[in-house]
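Asks: Residue numbers (the working numbering), protein chains in the order written: chain X, 1 to 522; chain R, 1 to 282; chain S, 1 to 321; chain B, 1 to 492.
Incorrect hints may have been included.
[Unchecked claim] Simulated crosslink set (SDA-like; lysine to any residue; CA at most 20 Å straight-line):
1) X:Lys327 / R:Ile21
2) X:Lys327 / R:Leu114
3) B:Lys211 / S:Ile173
4) S:Lys228 / X:Arg83
5) X:Lys327 / X:Gly312
6) B:Lys439 / B:Val326
7) S:Lys228 / X:Leu99
8) S:Lys228 / X:Leu112
9) S:Lys228 / X:Met100
10) B:Lys125 / S:Ala55
11) S:Lys228 / X:Glu55
12) B:Lys125 / B:Glu427
13) B:Lys206 / B:Ser102
14) B:Lys125 / S:Pro50
15) S:Lys228 / S:Leu124
16) X:Lys327 / R:Ala18
17) B:Lys90 / B:Ile137
18) S:Lys228 / X:His84
19) X:Lys489 / X:Pro508
20) B:Lys90 / B:Pro139
21) B:Lys390 / S:Pro50
22) X:Lys327 / X:Asp341
23) S:Lys131 / X:Pro54
24) S:Lys228 / X:Pro71
25) B:Lys206 / B:Pro313
26) S:Lys228 / X:Arg75
27) X:Lys327 / R:Ala103
28) B:Lys278 / B:Lys211
Honestly, the hints are just simulated from the structure, not real lab data.
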Amino acid sequence: MALVDIRDLTITFGQHEAVSGLSLRIERGERFGIIGESGSGKSLTALAIAGLLPESAAVSGQVLFEGTVLPDDERDMTRLRGRHIGMVFQEPMTALNPLMTIGEQIEEAIRLSETSEIVPLAVSALLDEVGLAPGLAARYPHQLSGGQRQRAMIAMALASKPELMIADEPTSALDVITQRTVLDLISTICRRRHMTLIFISHDIRAVAALCTRIGVMRAGELVEQGVTGDVLRAPVADYTRELVAASRMERRLRSSASLNDDRAALLRVEGVGRIYRQSGIWPGCGAPVRAVDQVELTIGTGECVALVGPSGCGKTTLARIIVGLDKASDGRMVFDGTAYDGSNLPPLLRANMSLVFQDPFSSFDPRMTIAQSLGEPLHLLGRISGEEREARLREAIEAVGLKAAMLARYPHEFSGGQRQRLAIARALVTRPRLVVLDEPVSALDVSVRGDILALLARLQAEHGLTYLIISHDLDMVAAMADRVLVMEKGRIVEEGTPETLFAHPEHPLTKALMAARLPEVA
Amino acid sequence: MMRKLARQHPSLAIGLLAAGIFALLGLVSLWWTPYPIDQIAISRRFLGPGWAHWLGTDHLGRDMLSLVMSGMLTSFVVASLGVLIGVGIGVPLGLAAVAWGGAVEWLVLRFSDLTFAFPAVIVAILIATLAGPGATNATIAIGIFNIPVFARVARGGALAIATQDYVAAARLAGLGRATIAARHLLPNIMSLLIVQGTIQLSLGILAEAGLSYIGLGTQPPATSLGLMLRDAQSLFLIHPSLSLIPGLTIVLVVIALNIAGDGLRDAMDPRLRHQGLSHGAG
Amino acid sequence: MGVSPMTLFLLRRIAGFAVTLFVAALIIFLLLDLLPGDPARFILGINATPEAVAALRAQMGLDAPAHERFLNWIGGMLRGDFGISSTQRLAVSELIAERMAVTLPLTMIAMVVSVVVGLPIGILAAMRRGKATDTALMVLAQTGVAVPNFWFGMLLTLVFAVTLRWLPTGGFIPWDEDAGAALRGLVLPGLALALPQASILARVMRTALVDVAEQDFIRTARAKGMTKSEAIWRHGVRNALLPVLTILGLQFAYLIAGTIIVENVFYLPGLGRLIFTAISERDLVLVRGATIVLVVATTATMLLVDLCYGLVDPRLRRQGA
Amino acid sequence: MIARKTLALAMTGLMLAAAPVLAQPTEIRIGVALEPPALDPTAGAAEAIDVVVYQNIFEGLVRIDQTGAVQPGLAESWTISDEGLTYRFKLREGVTFHDGTSFDAEDVKFTFARLLAEDSVNAQKALYTAISDVSAIDPTTVEFTLSRPDGLFLFNLGRGDAVIVAPESAGNNAAEPIGTGPFAFIQWDRGSRVVLEQYGPYWGEKPALTKATYMFISDTATMTNALLAGDVDGTNNFAAEALAVFENNPQFKVLVGSTEGETILATNNRREPFSDLKVRQAMAHALDRQEIIEGATYGYGVPIGTHFAPHHPYYLDLTNTYPHDVEAARALLAEAGYADGFSATLKLPPVAYARLSGQIIASQFAEVGISLELVNMEWAQWLEDVFANKDFDLTIISHVEPFDIGIYANPDYYFGYDNPEVQALNETLNATTDEAERKRLAQEIQTIIARDAVNGYLFELAQTGVWNAKLEGMWQNAPVEGVVLRDIRWVE
């Protein structure tokens, strides 16, 4: 008898059908992965199993747990959830109560499931199992790192010794290294406890690495399911095929022309550092934080340099200083012969470099048309005629493969991928020489990442652009970059071409990053 | 349009409609009232409601309906000017605090603390004693009281907006802080301001009533709902209607405005708008 | 450096507090110095001879230069000497102290009542969100906000004092004379003051709780095995209290304003009435003293609220993780 | 059943607690609108002071009785020299101040020395400037020497401003008044009440009341409630508008009496256009006294045609000098060259009669083309602008000083009426002691100022007291300010 048996489940919000006619059996002890993009309904499915759907949801079909239909009565459902199902959510920061220590929160879970009399012992046991020092029990969520929080979440989920653990994008909020360790943690625990796992993710590799069977969801429907190996080796549904394809990134070929070594340095960063103090006009309070520390680097014209490192290593800060959003506390930059320290970047130089942001959704003012947003940087070129402006905008938006007609629309009318294209278009509208890309694809669905990267490559070739890519995604870097700089705690710790660097990492961080890479699928 | 509104946000529709009607009554009094309110006829005083005077007459024989109408006008004008002052000074301060940060922000915060430290009535008392009591002073007092409110709301909203990438993009595009504040921050906190505006408007009407009641607000021969209450209170046991009519009017106006305010919040706050779906994401 | 971030945070807030107060004092002084009307003339009234007036002016030190008067005033206050009332010829500090014995308890009663009544209503409404109870309670709250408290006070008197004679129509028996009577004297005004505040609190509490109920950690709590209401009760309420705390701080300002009006309705000898009469009698010294005290009270409450935040919300205790 | 009974008991218990008066019929709680700024009647004008202390805590050499007549006070008798320049008073013996110190001629001497001193802050100092010397012949005899005869001298000695104070305590009287009266000061809860208790060693006959509490209730509605709820037993002057509440209520008695308050539309005779007699006459014609009295005093005011108290034997009814006549008013304005009227400001002090009359007069004047701008003021501001700086067109004020027609002989007075004829007449009046002659002179002045329409003469303020029906002995009229407790008693 299947542990979980979903029969023709349909979930609708008003008119919108989020999950339609989904049927699925999950056997005891198996680790089932559900892959899908945002809005594919995978999370809702999970919530449905735990009976946690929002009131506004209308549900038809049925979900059986251990062969019996989920009870309608809230108390019974609550008991079932508390005793037999453990859940881990995507964003551990918001999923934990900010006003309670994690110890208290785990304790609560134990008491609720009445699994142990000697609560304190159980707490430290759980913490130990998820690899957290018992001392951390007294900490509040905001005092923990993302990884630690997620471990705490897992400990809480385990408190009730559940048969089933539902993990909803447990790692997508974490950076590469922690992501890997958390995944490993989950799989070891499942093995040790012979626990059934439902693992929800958009990252096909994570699923591949962790799950015995997988199901692929799209637009609320289960398009394919089966044993992991088979599905990935020989996908039946086209959509699955796309996903698998998108997850592999071929090293793109660069014309040897751009690869000659005697290329003039476009940007030189000389001993740049950035120190943050706590707020405003009160001198000398709050310990100063060294976000960037004595960074030296050079980027040649036409080159594509990647800056990798774990989150909080200062790579984004450095990028912001380079493009002039922030001011270096010491050191200086020289762009095309002109020295500056960040905020004092003269307009004409600003026009020569631009930044593409990570999150395409927050990078456009919802109340301005695309034309207005794209037009903004044209300020930098001083007075330009209406026609000139028109021309520039059309050129830019067509360059990224969208139609000039779209200029009149508003951001909310575009998909994530399209927005990122638009963001790139805005970056190009002043015909810059250096484009800084901050995690250009990490916020996008897998299936569109490929296209965006291809677009970037094409543009670089066509306009002879110079790229500085900020990322933690080594595959993407490997695919795009000519040269990779590894950054840790504000310093550059290793440098080299992707090939050599990834083949023989020297610095422990680089090693860790490499180790954290998930295997290619199939 | 109105019908659509009524379907989606009934409370908002009702609130706006009611508040609108009251405001209209007030406006009309500018050109027409059943009787001139400065015409006193002691012989006609304390008439009960009737055909000649729908709401009766007051202690000076003035027509209550006319008084309520022009009283409504005063109350609305005072309150809305109060809001305007608050918005006009508070919002720029709030935006400046966010756009420039650092010392500017500190100053703005201290300033709003300072203003908060002066309860409206105190301000009113001080002003009234400087310039004599009157609607203008009530307006200023209420306005001053509104400044920090809007400064904080504006700052709060703008802080959230300022973290958005499009603001950074605008800075990359070489726009000045002021331009960014006007171009990106202000439009995106408008809804917040409108909601706060209605709330402050209703508070303003109450405040005006209170001030007039203790003699610091509107002065005869002009009238306001609060002043009517003041005039009528000592007669409450003899002619209750004289204070019940303005009293209930105040209550109704304020309720109408608050309902409208709540409605606006629900209508404008996207988080509440697609509640259901927001769970579905991910 | 040796100082912990928390103490620094404290120091900073207190410094800000001090600055605010100084500026406030300056403003008050400037305003009051501009006041029209000659206190001496007022005290002596219509038929007083010019010499008499002049004599009194000298007595009251009204002829010293402004900046001197300001500095003397500040200095005096730091020494707890608020000067001598020009009309009542008594130490302002004493006068204020007397009145504080009325206004402070009154404000407190109003505060307590509004919290004790407001919060539960808010919570109940949020728990029953969308149900009849919710609607009923919120209609009640709407009305509560809308009724002018002085008017409400008068209605209360008519019912409980005039008709039922359960409580006095107003007036105040000093605590040391008969604490019970003193308390009974503050009940009706307290209620009148509390009504709008309670309603506001109820509304804020409800909104806050509804917002919190949408948060992930409530879902987590339910996943642990709590019913929705248990989750809201155990995890929601405390989180929802944060925004409520801010409102509580602001409410103090409203309450102060309220007392001034309500004290008139119930002829209570409170600080509000003191200022009021003092102003109409041009008793600059007294007005100054009383206003600054009110300002200090309000500002202090704000400071207090800030610090409470630090206590309630671990994220604001600035010790590094 | 039982439950209901206990409830009833509980409620009566509460009611008793709420109105302790039912238990002790020798105490009284009196509501008064204005709280005195201080309690020394010799150092401040506020009539609120006299309301509390006059003839209760403090006494003068003579006292004014209910009819306005002069009675022996601390002086049991006196003799006046024929030319009216020396007054010799025989003082009572065995009189003590509330602090136990004894009263004698030296106290009298001290009192007037203090009153007339350079730095004296006595508001009515002007009234006593005729005194050239006060000498203590012996401990029980005092002699006053005047520089000129003063017909009102004795009356003025009876005023609150001339009460006798002791050198030991005078300095502190503002906060802790110490006098010789039948009631001693106990405590003053500022903003709330003043408590007096019967003074055991009082020289005169014991008053019926053992304790009196003055409660300060400015707000009429609140006062009404307090009376109805039995929180106060009475008030000497209750706002006329709400009297209807008590008029037909057997538990209360309403005392309507006269005051010395001539309420006038004071006119700045120095200023254009009011310096023009025709304009003033026009305004007089424009006034409809009856409507004003109805509207502002609910009919309790007594119409006056000149600046004199109607209940006074010297009073002359001149209300028909300029009857209400809109046409006549218009005509006169036209003659004066204001055919299409003019506009002026009317500054109003914070008292109900002024604010109401103001509104009514504004609408009456509107009919003849005079448009008035109403300016409401606090007292201090009014005193500053109108009284001290004479910066006003029109104002409404009640002159509560008894027999104060003399102000028309003072060209520097705020309404600035400068008429040598009147000044001369007043001179002789002051110097005259013969009743018949005094009456003639007074009436002549009344006629002149009425004819000249110096001010708009509106009405004599009425004193409308509301008292618990079981109380007796309250003054109906108020020839001087004060709530005199000596005769008040509870009767079953």
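Asks: Determine for every hint whether it applies to the structure shown.
Replies: We went through each hint and held it up to the structure:
1. X:Lys327 / R:Ile21: violated, 55 Å
2. X:Lys327 / R:Leu114: violated, 33 Å
3. B:Lys211 / S:Ile173: holds, 16 Å
4. S:Lys228 / X:Arg83: At roughly 16 Å apart (the allowed maximum being 20 Å), arginine 83 of chain X and lysine 228 of chain S satisfy the hint.
5. X:Lys327 / X:Gly312: Distance ~18 Å between lysine 327 of chain X and glycine 312 of chain X Cα, so the pair holds.
6. B:Lys439 / B:Val326: Outside the cut-off at roughly 34 Å; violated.
7. S:Lys228 / X:Leu99: OK: lysine 228 of chain S and leucine 99 of chain X at ~19 Å, within 20 Å.
8. S:Lys228 / X:Leu112: holds, 14 Å
9. S:Lys228 / X:Met100: Given that 20 Å is the threshold and the Cα spacing comes to 18 Å, the pair holds.
10. B:Lys125 / S:Ala55: This hinted pair holds, its Cα atoms lying about 14 Å apart.
11. S:Lys228 / X:Glu55: holds, 11 Å
12. B:Lys125 / B:Glu427: At roughly 19 Å apart (the allowed maximum being 20 Å), glutamate 427 of chain B and lysine 125 of chain B satisfy the hint.
13. B:Lys206 / B:Ser102: Roughly 19 Å between the alpha carbons, so the hint for lysine 206 of chain B and serine 102 of chain B holds.
14. B:Lys125 / S:Pro50: Roughly 11 Å separates the two Cα atoms, so the pair holds.
15. S:Lys228 / S:Leu124: Between lysine 228 of chain S and leucine 124 of chain S the Cα gap is close to 14 Å, so the pair holds against 20 Å.
16. X:Lys327 / R:Ala18: It is violated: about 54 Å lies between the C-alpha atoms, which goes past 20 Å.
17. B:Lys90 / B:Ile137: Between lysine 90 of chain B and isoleucine 137 of chain B the Cα gap is close to 10 Å, so the pair holds against 20 Å.
18. S:Lys228 / X:His84: Given that 20 Å is the threshold and the Cα spacing comes to 18 Å, the pair holds.
19. X:Lys489 / X:Pro508: holds, 13 Å
20. B:Lys90 / B:Pro139: holds, 9 Å
21. B:Lys390 / S:Pro50: holds, 14 Å
22. X:Lys327 / X:Asp341: With Cα atoms ~6 Å apart, lysine 327 of chain X and aspartate 341 of chain X stay inside 20 Å; holds.
23. S:Lys131 / X:Pro54: Cα-Cα ~17 Å, so holds.
24. S:Lys228 / X:Pro71: Between lysine 228 of chain S and proline 71 of chain X the Cα gap is close to 15 Å, so the pair holds against 20 Å.
25. B:Lys206 / B:Pro313: Violated: lysine 206 of chain B and proline 313 of chain B sit about 32 Å apart, past 20 Å.
26. S:Lys228 / X:Arg75: Holds: lysine 228 of chain S and arginine 75 of chain X sit about 10 Å apart, inside 20 Å.
27. X:Lys327 / R:Ala103: Since the Cα atoms of lysine 327 of chain X and alanine 103 of chain R sit roughly 17 Å apart, the hinted pair holds (cutoff 20 Å).
28. B:Lys278 / B:Lys211: violated, 56 Å
Figure legend: structure checked against the earlier numbered hints; hints not met, in rising order: 1, 2, 6, 16, 25 and 28.
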